[in-house]
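Visitor: Residues per chain, in single letters:
Number of protein chains: 2
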Amino acid sequence: MAPFLFELRHKDSNSSARRGTLTTPHGVVETPTFMPVGTRGSVKGVEVGLLEETGSQIVLGNTYHLMLRPGAEIVRELGGLHGFTGWKRPMLTDSGGFQLFSLAKLTKINEEGAVFQSHIDGSRFALTPEGSIAIQEALGADVVMAFDHVVALPNSRAVVEDAMRRTVRWAKRCRDAKRREDQALFGIVQGGLDYGMRRYCAEELAELDFQGYAIGGLSVGEEPCEMYDCIEAVEPYLPQDKPRYLMGVGRPEDLLEGIKRGVDMFDCVMPSRNGRNAMAFTDCGPMRLRNARYERDPRPLEENCPCPACRRSRAYIRHLFTTGEMLGPILLTIHNITYYQRLVAGARKAIEEDRYLEFCEERFEGWRAGVPE
Amino acid sequence: MAPFLFELRHKDSNSSARRGTLTTPHGVVETPTFMPVGTRGSVKGVEVGLLEETGSQIVLGNTYHLMLRPGAEIVRELGGLHGFTGWKRPMLTDSGGFQLFSLAKLTKINEEGAVFQSHIDGSRFALTPEGSIAIQEALGADVVMAFDHVVALPNSRAVVEDAMRRTVRWAKRCRDAKRREDQALFGIVQGGLDYGMRRYCAEELAELDFQGYAIGGLSVGEEPCEMYDCIEAVEPYLPQDKPRYLMGVGRPEDLLEGIKRGVDMFDCVMPSRNGRNAMAFTDCGPMRLRNARYERDPRPLEENCPCPACRRSRAYIRHLFTTGEMLGPILLTIHNITYYQRLVAGARKAIEEDRYLEFCEERFEGWRAGVPE
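Those protein sequence lines, which keep their order, are chains A and B. If you're matching positions, the first sequence starts at 559 in our numbering and goes up one per residue. If you're matching positions, the second sequence starts at 559 in our numbering and goes up one per residue.
Possibly wrong hints are sitting among the right ones.
[Said to hold, decoys possible] Here are the computed distance ranges between Cβ atoms for each label pair:
id : chain 1 : residue 1 : chain 2 : residue 2 : range
1  : A       : Glu853    : B       : Pro561    : 50 to 58 Å
2  : A       : Leu661    : B       : Val717    : 40 to 48 Å
3  : B       : Ala850    : A       : Gly637    : 15 to 23 Å
4  : B       : Ile678    : A       : Arg831    : 25 to 33 Å
5  : A       : Asp720    : B       : Glu931    : 21 to 29 Å
6  : B       : Gly928    : A       : Leu661    : 51 to 59 Å
7  : B       : Leu664    : A       : Lys666    : 26 to 34 Å
8  : A       : Leu566    : B       : Pro583    : 24 to 32 Å
[As the list claims (entries may be wrong)] From the derived model, a few chain B residues whose C-beta atoms are all more than 12 Å from chain A:
id : residue
9  : Val604
10 : Ala684
11 : Arg834
12 : Ala867
None of these hints come from the bench; they were simulated from the model. Predicted model, so just to flag it, every value in this text is computed and none were measured. Just so you know, even glycine gets a beta-carbon here, dropped at the ideal spot from N, CA and C.
With the sequences and hints as input, model every part of the structure.
Guide: Set out below in C-alpha cells:
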C-alpha cells in the first residue's frame with residue numbers, strides 16, 4: 559500500500575501555478591494549501607472544531623517545541639499528534655532545524671548533529687538527523703521533514719555553502735533512518751540567496767527521491783523580491799511530480815507570489831500572531847481593530863466571510879480587544895486563518911480556470927486600495 | 559401579548575426543589591438553571607457556538623461593566639446584547655448594585671442613587687434606579703434586575719436595615735421607571751443574615767408584583783450553612799408562582815443546596831474563573847490539571863461528558879496549561895460550564911422523578927470521594 563500520492567491536476571496556462579492533491583493517511587490536501595501552525599499541539603486559542611471550520615486541511619506541529627514539552631514519548635503514548643490534539647486531518651511536523659537556528663540557545667552544530675540548550679530552562683539536548691526522524695515518527699504526522707542546517711542571511715558564501723552541503727548529507731541520513739511507511743519525508747533545499755547553491759542542493763535532493771521538497775531558509779530577513787527571485791531560480795530543479803513547500807511563508811501577497819512560481823504548500827504564524835494583536839486580514843488589506851474608527855461600526859470584518867468573527871460587528875471585536883477579553887484574539891485568529899484558507903481556495907479555483915494572474919491582480923488591487931470608510 | 563411566563567411544572571415531594579420553565583422573548587429556560595457570566599459581552603474565552611454546546615440556556619451580562627465599556631448606547635445601536643454578542647438565547651442583566659459594592663471606587667450612596675468612580679480609570683459616574691433601568695433597557699436582556707443597595711457582611715443591624723429599606727424603595731422606583739414590555743423585571747431581596755429583615759423585604763417586594771425575585775447580598779463571605787439557613791428562612795415569603803434567583807452563587811454543592819431550598823436560578827463566575835486556573839469540576843470533585851499525576855493520563859476529565867475538553871486526554875490539557883497555551887483555559891472553561899449545566903439538568907430530571915434528595919446524596923458522595931488514581 560502506498561498511502562501517499564501527489565497528483566498534479568492542472569497547471570495555470572500563464573504562470574507556474576499548479577493545482578494538485580496530496581493524499582495522506584489522514585485525508586486529502588488540496589494544493590496550493592496553507593498550513594496553520596500548531597506549535598505545541600494547539601493552534602493558539604482555536605478549539606479543533608473551530609479550526610476545522612476555517613477550512614484548514616493540514617496543520618503543522620513543531621518538533622523542537624514538542625520534544626521539550628511534553629516530550630515525544632508522551633505524545634506517542636497518547637496516540638501521536640492526532641490522538642493528542644484531536645485534529646483528525648493531515649498533519650506535518652518540521653524537523654527542528656529552523657528552531658535550533660531561531661530559538662534555541664548556544665546551539666553548536668557539527669557533522670553528527672546539533673547540541674543546544676532549551677529556550678525554556680536552559681537544559682541541554684542533542685538533535686541529529688536520526689534523532690529528528692525518530693521524534694517525528696513518535697509524533698506521527700503524515701508528513702515529516704528532513705533535519706536541515708539553517709544559517710542567518712546575509713552570511714558569507716562559505717558558511718552558506720557549508721550548511722547547504724551538510725543539509726544534503728543530513729537529508730540522506732534522514733532518508734536512511736526513516737522506518738514508518740505511513741509518513742512521507744520531504745527534503746529541504748538550502749543555499750541562501752545563491753542560485754547556484756540552491757540549484758545544486760535541489761538536484762542533489764532530487765536524486766535522493768523524497769516524497770516532497772521544501773524551500774527552507776527564506777523569509778529570514780531578506781527582501782520579498784529577493785525571496786521571489788530565489789524561488790523562481792530553484793523551481794525548475796524541483797521535481798515536477800512532487801509537492802513543493804515554502805517553509806515559514808508568509809504574508810498573503812507572499813502566498814500568491816509563491817503559488818505563481820510553482821509552490822504548493824505554505825505555513826506561517828502570521829495569521830494567528832497578527833490576529834492575537836488585533837490585526838485582521840481582509841480583501842481590502844489589514845484592519846487594525848483597536849482603531850477608534852471601528853468603535854460603532856456595525857459591519858462584519860468582511861461581508862462574505864463565513865467565519866464566527868464575521869457573524870459579529872467590528873465594534874464588538876474592537877470592544878473585546880479594548881477590554882482585554884480573550885475572545886478578541888480567538889475570533890481574529892479564526893478569521894485570519896479562514897482568510898488564508900479562502901485565499902488559497904480562490905487561488906485553486908483560479909488555477910483551474912487558467913486565470914490565476916487575473917486573480918492575483920484582483921487581490922493585489924484590493925490590498926492596495928485599503929479599507930474603505 | 560405577555561412574552562413572559564413562569565410555569566411551575568413539578569415540586570419534589572421530599573424537598574422544596576422545583577421544576578419549572580421560564581418563557582422569554584428569546585426562548586424557554588428550563589429551571590433550575592445556571593447562568594454563565596458574560597461580564598463584558600463575552601463568557602471569557604468561549605465562542606458563542608461553543609457556549610451553546612455547553613447546554614447553557616441563559617447568560618448573564620453586567621450592567622456596571624457594560625455601561626463603562628463600550629457604553630449602553632453603543633450596545634443598543636448594535637442591536638442590544640443579543641446583536642452585540644451573537645448570543646441568540648435568553649439573557650439577564652444585573653443592575654450594577656453589586657459591582658458598586660464590590661468593584662467601583664469611592665462609591666457614595668444617598669437616597670437618589672450612587673456616585674462612584676470607575677475601577678478602570680477613576681472617571682466619575684452616577685447610577686440611580688431609573689438610570690440602571692434605562693441602561694438595562696438599552697442593553698436589551700430578557701430579564702433585568704432592580705437596582706439594589708448591597709452592604710458588606712457582617713455589618714451593624716442599622717446599616718443592613720437601612721440598605722434593605724432603601725432597596726425596597728429603589729425597587730419601586732425601578733418598577734415605575736420600566737418601559738419595555740419585552741423585558742421581565744426581578745426584585746432583589748436584601749437584609750443580610752437577619753431573617754426578620756429578609757422576610758420583611760420579601761413581603762414588601764411581593765406586594766410590588768415583580769416577575770421574579772432574587773436573593774441578593776449572599777455569598778459575600780458568610781459560611782455556606784449561614785447562607786443555606788438564610789435561603790430557607792426567606793423562601794416561604796417569596797411568591798410560589800414566580801422564579802427565584804440566588805445571585806452570585808456558587809459552588810456545585812451550593813447549587814444543590816439552593817435548589818433543595820426552592821431556588822430556580824443561579825449565576826457564578828466560578829466555573830469560568832476556576833477553569834482559567836486549571837481546575838476542572840467533576841463528579842469526583844475538583845481536578846487540578848497542573849498536577850504532575852496527569853502528565854501521562856490518557857483518560858478524559860470525565861468519561862461521560864460530551865464537551866470538547868473531554869474529547870482530549872487529561873495529559874493534553876495538562877500540557878496546554880504547563881506550556882501556557884490559551885486553549886487550556888478555553889477548554890476547562892467549556893468543561894466547567896458544561897459540568898454545571900449537566901448538574902442542573904440532572905437536578906431537573908431528579909425533581910421530575912421525586913428523587914432529588916437521592917440525587918444530591920449521589921453527587922455529594924462522589925465529591926467527597928475525590929478523583930480516583
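Visitor: Take the hints in turn and mark each one as holding or not.
Guide: Hints versus structure:
no.	hint	result
1	Glu853(A) to Pro561(B): 50 to 58 Å	32 Å, violated
2	Leu661(A) to Val717(B): 40 to 48 Å	59 Å, violated
3	Ala850(B) to Gly637(A): 15 to 23 Å	21 Å, holds
4	Ile678(B) to Arg831(A): 25 to 33 Å	27 Å, holds
5	Asp720(A) to Glu931(B): 21 to 29 Å	54 Å, violated
6	Gly928(B) to Leu661(A): 51 to 59 Å	40 Å, violated
7	Leu664(B) to Lys666(A): 26 to 34 Å	60 Å, violated
8	Leu566(A) to Pro583(B): 24 to 32 Å	56 Å, violated
9	Val604	7 Å, violated
10	Ala684	22 Å, holds
11	Arg834	9 Å, violated
12	Ala867	9 Å, violated
When each numbered hint is compared with the structure, violations occur for hints 1, 2, 5, 6, 7, 8, 9, 11, 12.
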